[in-house]
Each structure stands twice: as C-alpha cells, then as structure tokens.
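Asker: Chains A and B supply the protein sequences, listed in that same order.
With our numbering, letter number 183 in the first sequence gets 183, and the count goes up by one each step, no holes.
With our numbering, letter number 18 in the second sequence gets 18, and the count goes up by one each step, no holes.
These are calculated hints, taken from the structure and not from any lab test.
It should be emphasised that the depicted structure is a prediction, and the values quoted were computed from it without experimental measurement.
We put the CB at the ideal spot given by N, CA and C, even for glycine.
A hint or two may mislead.
To be verified - Covered stretches of chain A, as calculated for chain B (at least 3 residues, CB under 8 Å):
(1) 181 to 194
(2) 352 to 362
(3) 366 to 373
Claimed, not checked - Think about it this way: if two alpha-carbon atoms lie no more than 30 Å apart in a straight line, the pair counts; the simulated DSSO-like pairs of lysine-lysine are:
(4) A:Lys215 / A:Lys248
(5) A:Lys135 / B:Lys44
(6) A:Lys135 / B:Lys2
(7) B:Lys44 / A:Lys140
(8) A:Lys248 / A:Lys135
(9) A:Lys127 / A:Lys248
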Amino acid sequence: MTVDDRFGQDYRETLEERSHGARNEIITGPVSDWATDFSHAEPEWAADPYPIQDELRERCPIAHTERFGGGWLPTRYEDVAAIAYDTEHFSSRAIIMSNFRPPPEMAPVGASPPISSDPPFHHHARKLLLPAFTKSAVAKREAATRAFCHTLIDELEGQDVVDAARDYAQHIPMRVIAEMLGFPPEDGARFRVFIENALEGVNLPPEERLARAQKLFDYLLTQIRDHIDHPRDDLTTYLINAELGGHKLDPSHVAGTMALLLIAGIDTTWSAIGASLWHLAKTPADRARLVAEPELLPTAMEEFLRAYAPVTMARLVKEDMHWRGGDMKADDWILLSFPAANRDPAQFERAGEVVIDREVNRHVAFGLGIHRCVGSHLARMELRVALEVWLARIPDFSLADPAAVTWAAGQVRGPRTLPIRIG
Amino acid sequence: MKVRISSERCQGHGRCYDLAPDLFGEDDEGYGQVVGEGVVPPDKERAAGLAVSNCPERAIEIL
Ligand code: HEM
Ligand code: SF4
Numbered sequence: 001m002t003v004d005d006r007f008g009q010d011y012r013e014t015l016e017e018r019s020h021g022a023r024n025e026i027i028t029g030p031v032s033d034w035a036t037d038f039s040h041a042e043p044e045w046a047a048d049p050y051p052i053q054d055e056l057r058e059r060c061p062i063a064h065t066e067r068f069g070g071g072w073l074p075t076r077y078e079d080v081a082a083i084a085y086d087t088e089h090f091s092s093r094a095i096i097m098s099n100f101r102p103p104p105e106m107a108p109v110g111a112s113p114p115i116s117s118d119p120p121f122h123h124h125a126r127k128l129l130l131p132a133f134t135k136s137a138v139a140k141r142e143a144a145t146r147a148f149c150h151t152l153i154d155e156l157e158g159q160d161v162v163d164a165a166r167d168y169a170q171h172i173p174m175r176v177i178a179e180m181l182g183f184p185p186e187d188g189a190r191f192r193v194f195i196e197n198a199l200e201g202v203n204l205p206p207e208e209r210l211a212r213a214q215k216l217f218d219y220l221l222t223q224i225r226d227h228i229d230h231p232r233d234d235l236t237t238y239l240i241n242a243e244l245g246g247h248k249l250d251p252s253h254v255a256g257t258m259a260l261l262l263i264a265g266i267d268t269t270w271s272a273i274g275a276s277l278w279h280l281a282k283t284p285a286d287r288a289r290l291v292a293e294p295e296l297l298p299t300a301m302e303e304f305l306r307a308y309a310p311v312t313m314a315r316l317v318k319e320d321m322h323w324r325g326g327d328m329k330a331d332d333w334i335l336l337s338f339p340a341a342n343r344d345p346a347q348f349e350r351a352g353e354v355v356i357d358r359e360v361n362r363h364v365a366f367g368l369g370i371h372r373c374v375g376s377h378l379a380r381m382e383l384r385v386a387l388e389v390w391l392a393r394i395p396d397f398s399l400a401d402p403a404a405v406t407w408a409a410g411q412v413r414g415p416r417t418l419p420i421r422i423g
Numbered sequence: 001m002k003v004r005i006s007s008e009r010c011q012g013h014g015r016c017y018d019l020a021p022d023l024f025g026e027d028d029e030g031y032g033q034v035v036g037e038g039v040v041p042p043d044k045e046r047a048a049g050l051a052v053s054n055c056p057e058r059a060i061e062i063l
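Next comes chain A alone, as it looks inside the complex (with noise of 0.2 Å):
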C-alpha cells in the first residue's frame, strides 16, 4: 500500500490560496430602498422576506444593491429560472453573497465541488456523488431516521413547551450526515458552530470569516487522515479513494466536497423540518387535517417547501452585459432567490397562501438546471419522516410565544429558536 500523502503541505496550500480574493468595503445598516439597496443580511430580511419579494417583483422584478460590491435580485419565476439555466453566462464560483470574491482561477472547480464549479467540469463532480443520494440508496436509511427522531420525542417527556428547532429540527440532518461521512455522532454542536460561520454573518470581515472556515478545514484533515488509517463504508473512505480521469481527487476536493455536504445536508434540513412545524403549531386547521389524514403528508410537504423555501443561492455574472434590463457588470452578485420564484402569481396559484392539498406544484425549493440539489432525495425522507414521527407522537400542539420565533439570517433561512407547547 501507498502512503496517500495530499493531505499534509499541498492540503495547506491550496487552502492558503482561497485567501487570494478580491474584497469590497462592508456596508451593513438598514436598507433604504429595498430596490437599489438590498440586503438578506439585515434583520428586516431574516424576519419576514416574503413582502420585501413581493413588493420587489410588482415594482422593480430585477432590483438592485451597491452593497456586496455590487448585486441583483431577480423575484419573478422567469428570471430566476433563465438565470439557474444559464451557466455560460452565470458561473457558480461563488455561491455565498459576501464581501469577498474567491479568485477567478478558481473556476470551474470551486472551493466546494459540484456546487461551486461550472461546466465542463460539475458534471464530473456531481457524477461522483449521485449514486449514494437516489431515492432507493436514502430508504435505507429510512428505518434508523425514523428510530432516532421518536428517541428525540422521549426526550421531550415531561415539558409543556419545546424547542423545536433546537431540540428537534436541528438533530435529525446532523445525525444522518454524520453518519454518512462517517463523522462521529457527539461532534453536532462542532457542526453547528461551522454552518453558521459559513452561512450567517456574511457581513463580517472576509479574514475573520477565513480564519473560522479554517477550523472547519482542521477538523476535517483530521476526519481525513482517520479514514486513510481506518479506512470505512462511508463517504470519506468514498471520496479518498474516488478517480475522476484517472486520477484520484485534488485534496482540496476532497475537503471542499465533505464542506459542502456537511453544511448543504444540516442547516437547509434543519430549516425546513423547522419551518413546516412553526406552520403547523400557529394553523390549527392544518395540523388537524395531516393528524386525520397523514396520507396527506407528502403532498402538504411539498407546499411547505414551496412556501417556506429555506435555501437562496448565488451566481457571479461573468462577462459585462445588458440583461434583462438590467446593466450587469462581470462579478456581480446575483442573489438566487428561489424562495421568491416559489411565491410568483405568474406561476402559482394563491400563491401567498399555504394550501396543503395543493396538487400543482412545480416548486423550485431544490433549485433547477445542473445544480439540482443532490441531497433533494435524503431530505425529502428526512422531512416526512420527522414530521410523521411529531404527528403521531404529539398531534396537539401550538406556538408557545409567537414573538418568541428567530430565524436565520442569510441564505438559509429557517426557524433557529421555536417555543412550541406540548403539554
């Protein structure tokens, strides 16, 4: 047996050359007009975009900001969908709109592979990935989901209100990811602390928030190096020992593809268990209607991912050009805000209501085009499985304090604090 010897010096210095970006001056504060001067890092935004959106789409349907070194914020279905299409116009190297640009030599690959890398190259990429994410490989995972959620409800034994983003929501993505890298189970509260430096606080400066991806980037080298002494059947093991051409994965790819599944397969989960129930605790009508009829469930999950679509993503515009009206200059943020084409009229019907029956709904929570989630399978069973286990096991419950809700910021967007009363 070789000695696999990337992840030692080369390891460092790609990470070293991530840092070689180009930043723009930060501007936080509140908005002035949410058409020139957008912002999804402000509290307004985290709070309740949807009104901003639909406001936007009736007066300005491609608005624009100063900050982030320049942006646009398309809401009509239309464009957002034209835009998830267009890779040659639009390239992904980017996908986290922030103050910091990673180096144009960084494409097609990216920092986190296939999210982040353009064509030729993210076919490739995503190809390594998608056999172990299909609908029949995530069943059988199905059974130890479903034992783990109804461990989490045991847990809540004895309290009249819970926290059910904290206290649920946020367990069930990490124990499967963890699972599925090969991650050990206690390390969720490191987790944690990864996603929300990767994915809130955006307006922080850009070598602050390089130095705390750098912690994530330590832990997993050491995740790595455990798995090249203890080689085992998971994705770690997988990746390691994957080829592409021939060749076995740069480290760095490694590393960027176990980033973006640990933080792609946690938060946006967590969000979207969070979210379905926030809706169900403050609409009583619904909640007793799944509780009546649970083989309503997978068709009002869908609605609830249209509706409360937690993940935004982004694109860099490559090349000055006129588009749509709009004069967009090459790196230009474009805010991909799928939540916002889920809430077009133009596409739905009713589309700012929350019908659980809805029967047409070509929603776009997991994005279109190449991009297509590659966990939309392993979510979609988690978020049934933990909203049948909570049905069953505690059909009666309601918001404890409205008021008392906090969501994300950012591009994830979901329920992080959610009193709910149970007893």
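Fit chain B with the ligands to the given chain A structure using the hints.
Answerer: Okay, now just chain B with the ligands, sitting in the frame of chain A:
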C-alpha cells in the same frame, strides 16, 4: 396515451417516480426513466398528468 422523458431536461428531481411509481422509475443516478414502453393504462392517466405538471424541469411529455 404514452409518456416520454427528455433526458436532456431531466435533472433527477424524482417527482415523477414519487407521484406515479407505476409509470416511472429511477436509474442508478436518480434520473427518471419510463417503465417499459411508457404506455399509460386508462386508470393511470391521472397519475401521469400529476407527474407532468409537477416536474420542475418540464421534462415529461405526453404523446
Ligand atoms: C430541504 C433541504 C434542502 C434544500 C431546500 C436544498 C436546496 C438546494 C438547492 C436550491 C441547491 C441548488 C444550488 C444551486 O443552484 O446553486 C442545492 C444543491 C446541493 N445540495 Fe441541497 N438542499 C437541501 C438539502 C440537502 C441535503 C440533505 C444534502 C446532502 C447531504 C444537500 C446537498 C446538496 C449538494 C451536494 C448540492 C450541489 C449540487 C450541484 O451543484 O450539482 N442538500 N440544494
Ligand atoms: S420529475 Fe422530471 S426532472 Fe425529475 S426525475 Fe422525473 S422527469 Fe426527471
């Protein structure tokens, strides 16, 4: 009635095989496939319609 999936457009969202498992299946990467020749028996026409109208990529055609 027959159904067909455009493999150019399909991205493997799997709404078709969720909603109409008798008519559609997944390949080993999760892309949708029609079962057999794609012939839709009369009692599956409603399910076929649901798959068409829920595919986010508009990849399913009714022939
Ligand atoms: C409800 C939960 C989830 C939502 C709403 C969601 C949403 C999304 C969206 C919108 C994209 C498209 C990105 C783009 O267009 O740039 C995406 C990509 C991705 N997601 Fe998810 N996601 C969820 C759960 C998960 C889970 C559980 C995993 C895996 C453990 C995962 C892994 C990925 C990966 C690997 C990609 C990149 C795909 C590519 O670029 O080809 N996601 N997700
Ligand atoms: S629903 Fe559409 S995109 Fe998804 S697998 Fe079926 S045909 Fe493909």
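Asker: Evaluate each hint against the coordinates.
Answerer: Now the hints, each set against the structure:
1. 181 to 194: Answer violated; 0 residues pass the 8 Å Cβ test.
2. 352 to 362: Held - the region 352 to 362 of chain A has 4 residues with a Cβ nearer than 8 Å to chain B, which meets the minimum of three.
3. 366 to 373: holds (count 5)
4. A:Lys215 / A:Lys248: 25 Å, holds
5. A:Lys135 / B:Lys44: 22 Å, holds
6. A:Lys135 / B:Lys2: 24 Å, holds
7. B:Lys44 / A:Lys140: 28 Å, holds
8. A:Lys248 / A:Lys135: 27 Å, holds
9. A:Lys127 / A:Lys248: At roughly 15 Å apart (the allowed maximum being 30 Å), Lys248 of chain A and Lys127 of chain A satisfy the hint.
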